[in-house]
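Protein sequences, first through last, are from chains L and A. Residues in the first sequence are numbered from 1 upward in steps of one, following this note's numbering. Residues in the second sequence are numbered from 1001 upward in steps of one, following this note's numbering.
Worth double-checking, as some hints may not be accurate.
[Unchecked claim] Here are the computed lysine-lysine pairs in the DSSO-like style, where the Cα-Cα straight-line distance is at most 27 angstroms:
id	chain 1	residue 1	chain 2	residue 2
1	L	K264	A	K1258
2	L	K161	A	K1145
3	L	K132	L	K151
4	L	K339	A	K1226
5	L	K237	A	K1258
6	L	K401	A	K1226
7	A	K1247	L	K264
8	A	K1226	L	K140
[Claimed, not checked] Cβ-Cβ distance ranges computed for the label pairs, FRET-style:
id	chain 1	residue 1	chain 2	residue 2	range
9	L	K50	A	K1204	41 to 49 angstroms
10	L	K264	A	G1166	14 to 22 angstroms
11	A	K1204	L	V55	14 to 22 angstroms
12	L	N84	A	M1152	31 to 39 angstroms
13	L	K50	A	E1202	40 to 48 angstroms
14	A	P1173	L	K401	36 to 44 angstroms
15	L	F51	A	L1189	43 to 51 angstroms
16	L	Q292	A	I1169	30 to 38 angstroms
17	A	K1247	L	K264	35 to 43 angstroms
18	L	K339	A	K1229	26 to 34 angstroms
19	A	E1186	L	H370	25 to 33 angstroms
[Stated by the list, open to error] Computed footprint of chain L on chain A; a stretch qualifies when at least three of its residues, placed anywhere within it, have a C-beta under 8 angstroms from a C-beta of chain L:
id	region
20	1072 to 1079
21	1229 to 1240
In short, the hints are calculated from the structure, not lab data. Backbone N, C-alpha and C fix where the C-beta goes; we use that ideal spot for every residue, glycine too.
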Amino acid sequence: MSIRVIDEKCGGCKLCVKTCPFGCIEVVNKKAVIDLDKCNLCGACIESCKFDAIVLTKISPSDIDFPKKLEQYKDVWVFCEQRNGIIQSVAHELLGKGRELADTLGVDLCGILLGEDVKGEAQNIIHRGANKVYLVDSPKLKHYQSEPYSKVLMKLIKEYKPEIVLCGATSVGRSLISRVAIGIHAGLTADCTGLEIDKENRLLLQTRPAFGGNIMATIICPNHRPQMSTVRHKVMKEAQVNNHHKGKVIEVNYGDDVYSSRTKLLDIVEEIEETVNLTEADIIVSGGRGLQKPENFYLIEGLAKALGGAVGASRAAVDAGWKTYSHQVGQTGKTVCPKVYIACGISGQIQHLVGMQSSDVIVAINKDPHAPIFNVATYGIVGDLFEILPELTKKFKEVLKR
Amino acid sequence: MNIIVCIKQVPDTTEVRIDPETNTLIRSGVACIVNPFDMYAVEEAIRLKEKFGGKVTVITMGPPQAEEALRETISLGADEAVLISDRAFAGSDTWATSYTLSGAIRTLGDYDVIICGKQAIDGDTAQVGPGISAHLDIPQITYVKKIEEVDMEKKYMRAERMTEEGYEIVESPLPCLITVVKEINEPRLPSLKGKMRAKKAEIKKIGAKDMDLDPGLLGLNGSPTKVVKIFTPAPREKGQVIEGDPKEISEKLVELLKSDIL
Chain L
1 MSIRVIDEKC GGCKLCVKTC PFGCIEVVNK KAVIDLDKCN LCGACIESCK FDAIVLTKIS
61 PSDIDFPKKL EQYKDVWVFC EQRNGIIQSV AHELLGKGRE LADTLGVDLC GILLGEDVKG
121 EAQNIIHRGA NKVYLVDSPK LKHYQSEPYS KVLMKLIKEY KPEIVLCGAT SVGRSLISRV
181 AIGIHAGLTA DCTGLEIDKE NRLLLQTRPA FGGNIMATII CPNHRPQMST VRHKVMKEAQ
241 VNNHHKGKVI EVNYGDDVYS SRTKLLDIVE EIEETVNLTE ADIIVSGGRG LQKPENFYLI
301 EGLAKALGGA VGASRAAVDA GWKTYSHQVG QTGKTVCPKV YIACGISGQI QHLVGMQSSD
361 VIVAINKDPH APIFNVATYG IVGDLFEILP ELTKKFKEVL KR
Chain A
1001 MNIIVCIKQV PDTTEVRIDP ETNTLIRSGV ACIVNPFDMY AVEEAIRLKE KFGGKVTVIT
1061 MGPPQAEEAL RETISLGADE AVLISDRAFA GSDTWATSYT LSGAIRTLGD YDVIICGKQA
1121 IDGDTAQVGP GISAHLDIPQ ITYVKKIEEV DMEKKYMRAE RMTEEGYEIV ESPLPCLITV
1181 VKEINEPRLP SLKGKMRAKK AEIKKIGAKD MDLDPGLLGL NGSPTKVVKI FTPAPREKGQ
1241 VIEGDPKEIS EKLVELLKSD IL
């Protein structure tokens, strides 16, 4: 890719200078000049230009020659992350998407399952639409450790050659798959929110947010296989369970050297304070500075409980010590996309918005009618949360009978 | 104890505001900063040095301007800084970036720990840290929220690694790579003396030719992934304002959310 300014068209208006997120455009002698050392080709300036004076030359999929050996790679794989022997829901979502991709390509959907005594779960993966499950069952794989897991996955990929590998963008998935991608020189796109097949070129079109969701990028991996993506929770629709769906479980075993790990897991500590995992929650109720003091978080907790949701917090509330960091939503905290996000007393600084603006429905309750949170709210309520929250909790309890 | 910290210079999105009229970002005059997560990495490295002695070397791959970011870390207490910069690196994806950084680290001699921030706020991939450890073939502990113990005699470290449900306690031999989260510490501010030192400090610069790397695996050529399209997401639809007394508001909202919640 390359970018350049067509001097004849440039009007020297400086709109692009204002737009550039990297501050790499200057107007010299009434013409825009792009500092190519700083530019990361994001294309924001192109949209801002009223004169069509900036052009970005991109690679189009049809320009790319296909090395023939890529054709050996087929099937769509989903890494089915288990914790304590239970498949994580993000894997169910990936099986849903994976089925669609596999059908478009006319190949099999395969689940990859690593763990100890997880054969029963292999059947569940088949019931969610997989044609095959590659099962590696060993006491050494009971819990995730980066080295054995990545070695096993690399071996499987080299042996069975999938065309696409999908994995949840979890604390395990991101750490594991990054290591695998290096070892097999595969392309990896993080945190995809959209996956489609370019049928003509047999490429996976991976769309992901960058810049905290302010820019979307579509990424391909033309000359390497497999094409690998991590995908956020709650973005894809879960595969339905069909107990009659048939498939094959292929058990694979490797030598002890493959299972060996230099790191050692000593203990797993679950923080019971958190009843619902924030990134997996369908409903999140979050509180911010508007709560005035930490004790008032009971209002948030009460509503969350009534809705069966999780409790989130703004950075301001976490920095003030009102809630632990594990509750923080936003740029330096967690990125969430629940069905319903209720922001109470949160002004909506950009750092908060980037962590929650992809939620399906956003409710904002704030005293200040000019608070930026209202710009992204589906339903905006200007008012006193101390009056509204108890009433709202009561009403929901009635309706939901909780 | 020799510690290497990998940092990235990113645009400061905290300075970005949303234009209430157009619902788009106002990006004018956005400054470049050290990626916030990397500041925790730098702080942790300095704390380790204060405890065990040794040296903190901060490295970054980026354009010549990234030198500023390196100087900032020196003002905080880093001993040395290396800028990895070359036109040959342009267009690097996470594969090529971690390959280049690992090549640079190999030129620096022995090290005990490499520390990275958990991810950068512009790309948000969290792939480069684990990528470096894979290229160097050293163990990794990601999302570290606390280093519980370092034993320099037996050469190992024990750390708490954040997970979705809580945390894990993981032990690793040294050298290893860790990526750190915000919870690990509170970064210090630069001292006056530090700022003076940063001004005068010599920043070592290395390019593609200074490293033992395959030129075919650098930059755009070495990157398996290619960006084919960039666009701004459709703005959220204009919301609805709900008015009334608390009781009315609650009734209306419950009605509106019923289908999403039940």
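The hints, checked one at a time:
1. Between L/K264 and A/K1258, the direct Cα distance comes to roughly 47 angstroms. Violation of the 27 angstroms bound is thereby established for this hinted pair.
2. With a CA separation close to 36 angstroms, the supplied pair L/K161 and A/K1145 exceeds the 27 angstroms bound.
3. A distance of roughly 21 angstroms separates the Cα atoms of L/K132 and L/K151; the hinted pair therefore holds under the 27 angstroms criterion.
4. A C-alpha spacing of about 32 angstroms is found between L/K339 and A/K1226, which places the hinted pair above 27 angstroms, so the restraint is violated.
5. This hinted pair checks out: L/K237 and A/K1258 have alpha carbons roughly 20 angstroms apart, not beyond 27 angstroms.
6. Under the criterion of a C-alpha separation no larger than 27 angstroms, the hint pairing L/K401 with A/K1226 is inconsistent with the structure, at around 51 angstroms.
7. Only pairs whose Cα atoms come within 27 angstroms are accepted, and A/K1247 paired with L/K264 is rejected, the gap being roughly 55 angstroms.
8. For the hint linking A/K1226 to L/K140, the alpha-carbon distance of about 37 angstroms lies beyond 27 angstroms, and the restraint is violated.
9. L/K50 and A/K1204 have their C-beta atoms about 44 angstroms apart, which keeps the hinted 41 to 49 angstroms range intact.
10. Between L/K264 and A/G1166 the beta carbons are some 18 angstroms apart, a value that agrees with the proposed interval 14 to 22 angstroms.
11. Distance hint for A/K1204 and L/V55: a CB-CB separation of about 37 angstroms, inconsistent with the stated range 14 to 22 angstroms.
12. Range check, L/N84 to A/M1152: Cβ separation about 35 angstroms, and the 31 to 39 angstroms hint holds.
13. Between L/K50 and A/E1202, the C-beta spacing of about 45 angstroms keeps the proposed range 40 to 48 angstroms intact.
14. About 55 angstroms separates the C-beta atoms of A/P1173 and L/K401, a value inconsistent with the hinted range of 36 to 44 angstroms.
15. About 45 angstroms separates the C-beta atoms of L/F51 and A/L1189, a value consistent with the hinted range of 43 to 51 angstroms.
16. Take L/Q292 and A/I1169: their Cβ atoms lie about 36 angstroms apart, and the range 30 to 38 angstroms holds.
17. Against the hinted window of 35 to 43 angstroms, the Cβ-Cβ separation of A/K1247 and L/K264 comes to about 57 angstroms, which falls outside the hint.
18. L/K339 and A/K1229 have their C-beta atoms about 28 angstroms apart, which keeps the hinted 26 to 34 angstroms range intact.
19. Between A/E1186 and L/H370 the Cβ separation comes to about 32 angstroms, which falls inside the hinted range of 25 to 33 angstroms.
20. Counting residues of the region 1072 to 1079 of chain A whose beta carbon lies closer than 8 angstroms to any beta carbon of chain L gives 0, which falls below the threshold of three, so the coverage claim is violated.
21. Only residues whose beta carbon comes within less than 8 angstroms of a beta carbon in chain L count, and the region 1229 to 1240 of chain A has 9; three or more means the coverage holds.
Checked against the numbered hints above, the structure violates hints 1, 2, 4, 6, 7, 8, 11, 14, 17, 20; every other hint is satisfied.
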